[in-house]
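Colleague: The primary structure of each chain is shown beneath.
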Amino acid sequence: MENNFNNKIKQSFEGYELPYDPAAWDNLSKQLDVRMPVKSKINSKIWIAALVIAVLSISTIIYFTSNTDKKPLPTENKEDINSSTATQTTESSTEITGEKTTVESTSINEKVTLEPITIENSKVEKLSPQEILSTEIQSTGAKTTTNPDTKTVNTIPVIPQMKNICLGDDIEISNANKTDIFLILPNGKSTSVKAGTKTSFKSGISGEYLLGYMKNEEFIQKDFFTVYPANKVDFTIDNENLYNEGIPAIGLKATTNAASYSWDFEKLKEVSQSKETEVHYYKAGTYKITLTTTSENGCKNSETSKLIVKEDYNLMAANTIDVSNSNSQINTFMPYALTVRNVKFVMTIIDANSNEIVFQTNDATQAWDGTDKKTGNTATGTTFIWKVTISNPQPGETANYKGVITRL
Amino acid sequence: MENKEKIKEIVSGCLRNDRKSQEQIFKLFYGKMLGVCMRYTNDRDTAQEIVQDSFIKVFEKLKSFDNSGSFEGWIKRVVVNTAIDHIRKSKKDPFLTDNDNDFRLGGVDPTIESEELELKDEKAEIIMEAIQKLSPGYRAVFNLYVIDDYSHKEIAETLGISEGTSKSNLSKARMNIQKMVEDKFIKLY
Numbered sequence: 308m309e310n311n312f313n314n315k316i317k318q319s320f321e322g323y324e325l326p327y328d329p330a331a332w333d334n335l336s337k338q339l340d341v342r343m344p345v346k347s348k349i350n351s352k353i354w355i356a357a358l359v360i361a362v363l364s365i366s367t368i369i370y371f372t373s374n375t376d377k378k379p380l381p382t383e384n385k386e387d388i389n390s391s392t393a394t395q396t397t398e399s400s401t402e403i404t405g406e407k408t409t410v411e412s413t414s415i416n417e418k419v420t421l422e423p424i425t426i427e428n429s430k431v432e433k434l435s436p437q438e439i440l441s442t443e444i445q446s447t448g449a450k451t452t453t454n455p456d457t458k459t460v461n462t463i464p465v466i467p468q469m470k471n472i473c474l475g476d477d478i479e480i481s482n483a484n485k486t487d488i489f490l491i492l493p494n495g496k497s498t499s500v501k502a503g504t505k506t507s508f509k510s511g512i513s514g515e516y517l518l519g520y521m522k523n524e525e526f527i528q529k530d531f532f533t534v535y536p537a538n539k540v541d542f543t544i545d546n547e548n549l550y551n552e553g554i555p556a557i558g559l560k561a562t563t564n565a566a567s568y569s570w571d572f573e574k575l576k577e578v579s580q581s582k583e584t585e586v587h588y589y590k591a592g593t594y595k596i597t598l599t600t601t602s603e604n605g606c607k608n609s610e611t612s613k614l615i616v617k618e619d620y621n622l623m624a625a626n627t628i629d630v631s632n633s634n635s636q637i638n639t640f641m642p643y644a645l646t647v648r649n650v651k652f653v654m655t656i657i658d659a660n661s662n663e664i665v666f667q668t669n670d671a672t673q674a675w676d677g678t679d680k681k682t683g684n685t686a687t688g689t690t691f692i693w694k695v696t697i698s699n700p701q702p703g704e705t706a707n708y709k710g711v712i713t714r715l
Numbered sequence: 080m081e082n083k084e085k086i087k088e089i090v091s092g093c094l095r096n097d098r099k100s101q102e103q104i105f106k107l108f109y110g111k112m113l114g115v116c117m118r119y120t121n122d123r124d125t126a127q128e129i130v131q132d133s134f135i136k137v138f139e140k141l142k143s144f145d146n147s148g149s150f151e152g153w154i155k156r157v158v159v160n161t162a163i164d165h166i167r168k169s170k171k172d173p174f175l176t177d178n179d180n181d182f183r184l185g186g187v188d189p190t191i192e193s194e195e196l197e198l199k200d201e202k203a204e205i206i207m208e209a210i211q212k213l214s215p216g217y218r219a220v221f222n223l224y225v226i227d228d229y230s231h232k233e234i235a236e237t238l239g240i241s242e243g244t245s246k247s248n249l250s251k252a253r254m255n256i257q258k259m260v261e262d263k264f265i266k267l268y
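These protein sequence lines map, in sequence, to chains A and B.
Numbers in this note's numbering are just positions in the first sequence, counted from 1, shifted up by 307.
Numbers in this note's numbering are just positions in the second sequence, counted from 1, shifted up by 79.
You may find that some hints are simply not true.
[Claimed, not checked] Take a look, some chain A residues computed to stay more than 12 Å from chain B by CB distance:
#: 1; residue: LYS613
#: 2; residue: ASN621
#: 3; residue: ILE664
#: 4; residue: LYS694
[Stated by the list, open to error] Restraint-style ranges between C-beta atoms, simulated for each label pair:
#: 5; chain 1: B; residue 1: ASP262; chain 2: A; residue 2: THR593; range: 55 to 61 Å
#: 6; chain 1: B; residue 1: LYS246; chain 2: A; residue 2: LYS485; range: 56 to 62 Å
#: 7; chain 1: A; residue 1: GLN318; chain 2: B; residue 2: GLY92; range: 17 to 23 Å
#: 8; chain 1: B; residue 1: LYS99; chain 2: A; residue 2: ALA502; range: 32 to 38 Å
#: 9; chain 1: A; residue 1: THR627; chain 2: B; residue 2: GLU233; range: 57 to 63 Å
#: 10; chain 1: A; residue 1: LYS574; chain 2: B; residue 2: ASN160; range: 18 to 24 Å
#: 11; chain 1: A; residue 1: LYS539; chain 2: B; residue 2: ASN160; range: 16 to 22 Å
#: 12; chain 1: B; residue 1: GLY92; chain 2: A; residue 2: ILE360; range: 26 to 32 Å
#: 13; chain 1: A; residue 1: VAL578; chain 2: B; residue 2: ARG156; range: 51 to 57 Å
#: 14; chain 1: A; residue 1: SER609; chain 2: B; residue 2: SER147; range: 34 to 40 Å
#: 15; chain 1: A; residue 1: LYS509; chain 2: B; residue 2: SER147; range: 33 to 39 Å
#: 16; chain 1: A; residue 1: GLY495; chain 2: B; residue 2: GLY92; range: 24 to 30 Å
#: 17; chain 1: B; residue 1: GLU242; chain 2: A; residue 2: ALA706; range: 43 to 49 Å
These are computed hints drawn from the structure, not numbers from a lab.
Virtual Cβ for every residue (Gly too), placed ideally from N, Cα, C.
Taking the hints into account, I'd like the entire structure generated from these sequences.
Modeller: Structural data, given as structure tokens:
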């Protein structure tokens, strides 16, 4: 019936749609212009023209130089090569052929190899500026290769691959490019990683970090990575029930959800991986309890609380005996913990005045009833010492216990 | 439903940051996604704001869409997550509620057996109105579980609440929706 209800509700929303609002796109478009700016068509044409001119000018210079003078070109820088293209632009739509030539420019360490070339402008114009920049020029019969190390113009920097990390982890970005790369933080602030440098800082804000570069004063996003927020960690300490089956046991419970849990107890070797667990401390003191949780993203976070143990564990033993009382728990003596624990022990009762042993047992059902084992009569003293030695103590537990019994 | 090839082509345009392709995607899914947002909030301006934020995320994260599943489903997931984030930012701990006082309507008998209430020809608008009357905590759990196919475990993780609170909120939200829808239908017929 419940599923029927759910299905009917769900079905009623299948295909549910509200009318389109053109104003909504206008608003979004404006936001996209800021967040994801698009190059204008004029810019595209300028890029294409610049590219065509650059290719043509280089090949034209080489063509003429190689035909008139077989000597290598003199040292030129890139600007010189580009500027010399102005007079050649009218040939951009014509077929240019020439012999295969190699040009070496020592000042910029650039090697350009040209083969006979045919450029079809119509093909080039179909490409977007980004495609032109990211695609090797492929013209019929033409091949241009440039040493990547020396690309400083029209080069898309290689953005380092970043893994998603957790809040507080270090962000390390290496920029092996010749141009700066930029990082936009989730709070909108940005930082740059200078060409050929490495930057490292602590991730103080969770969210998406955008990586890219600047072109024409606009940020071009190429990648992003996520800094996951810290997972909440909290737990409760049960201060009501201090013993479990005669052993000191304090309950701990994680109150936040996580993929995995890890408890660390100060001064104890034992650990726990459960959401709920208990810890055993036998001595009074203040102990640090640390819960570390791991989220599904693999992020870890910890919470530490102090646990106060008010008194030493002493087998939950009473400190009096009243043989005249009818209650067997009062008119006999046996530490309560020994009656509920599965433990091997020897208990000895000693008269505090005479230092003589008046009773000894290794059976928890045989409590001392106040008699002296030698005489079979009620022991005459008023103060007795009990000692218990456990042969199989728990981890962290002492083997020897003792206390004083006053006879009422 | 989705013309996969057509969508693939438009997505490819969006990946090149082509505005026309982005506008096509927006036109295709705006109405449906606004409907989703309206279920998570109770005013249209906020819903529109969430839709705007969602589509910016869609375009920015589009490269993470691997074409293996439904594109509409992928967009819807982004929209739902954005709506949840929006609600979370607008109020401190809006989902940590398991308090009957949080209901916006009174006089609902929580002992009503769900078997007694057979929904008739539900209409999305009437149900939408009922959903919008719930508090943000109940509304989010109801939407996520009943309509958007989240499990209680996923809801607990998404909203930062326990699975028990999720189940409890769902149960109470469902009773209220049934009551409100039933009342409306009685008035209608």
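Colleague: Give a verdict on every hint.
Modeller: Evaluation of the provided hints:
{"no.": "1", "hint": "LYS613", "in the structure": "holds (25 Å)"}
{"no.": "2", "hint": "ASN621", "in the structure": "holds (39 Å)"}
{"no.": "3", "hint": "ILE664", "in the structure": "holds (58 Å)"}
{"no.": "4", "hint": "LYS694", "in the structure": "holds (49 Å)"}
{"no.": "5", "hint": "B:ASP262 - A:THR593: 55 to 61 Å", "in the structure": "holds (59 Å)"}
{"no.": "6", "hint": "B:LYS246 - A:LYS485: 56 to 62 Å", "in the structure": "holds (58 Å)"}
{"no.": "7", "hint": "A:GLN318 - B:GLY92: 17 to 23 Å", "in the structure": "violated (34 Å)"}
{"no.": "8", "hint": "B:LYS99 - A:ALA502: 32 to 38 Å", "in the structure": "holds (35 Å)"}
{"no.": "9", "hint": "A:THR627 - B:GLU233: 57 to 63 Å", "in the structure": "holds (59 Å)"}
{"no.": "10", "hint": "A:LYS574 - B:ASN160: 18 to 24 Å", "in the structure": "violated (44 Å)"}
{"no.": "11", "hint": "A:LYS539 - B:ASN160: 16 to 22 Å", "in the structure": "holds (18 Å)"}
{"no.": "12", "hint": "B:GLY92 - A:ILE360: 26 to 32 Å", "in the structure": "holds (29 Å)"}
{"no.": "13", "hint": "A:VAL578 - B:ARG156: 51 to 57 Å", "in the structure": "violated (37 Å)"}
{"no.": "14", "hint": "A:SER609 - B:SER147: 34 to 40 Å", "in the structure": "holds (37 Å)"}
{"no.": "15", "hint": "A:LYS509 - B:SER147: 33 to 39 Å", "in the structure": "holds (36 Å)"}
{"no.": "16", "hint": "A:GLY495 - B:GLY92: 24 to 30 Å", "in the structure": "holds (27 Å)"}
{"no.": "17", "hint": "B:GLU242 - A:ALA706: 43 to 49 Å", "in the structure": "holds (45 Å)"}
In summary, the numbered hints that this structure violates are 7, 10, 13.
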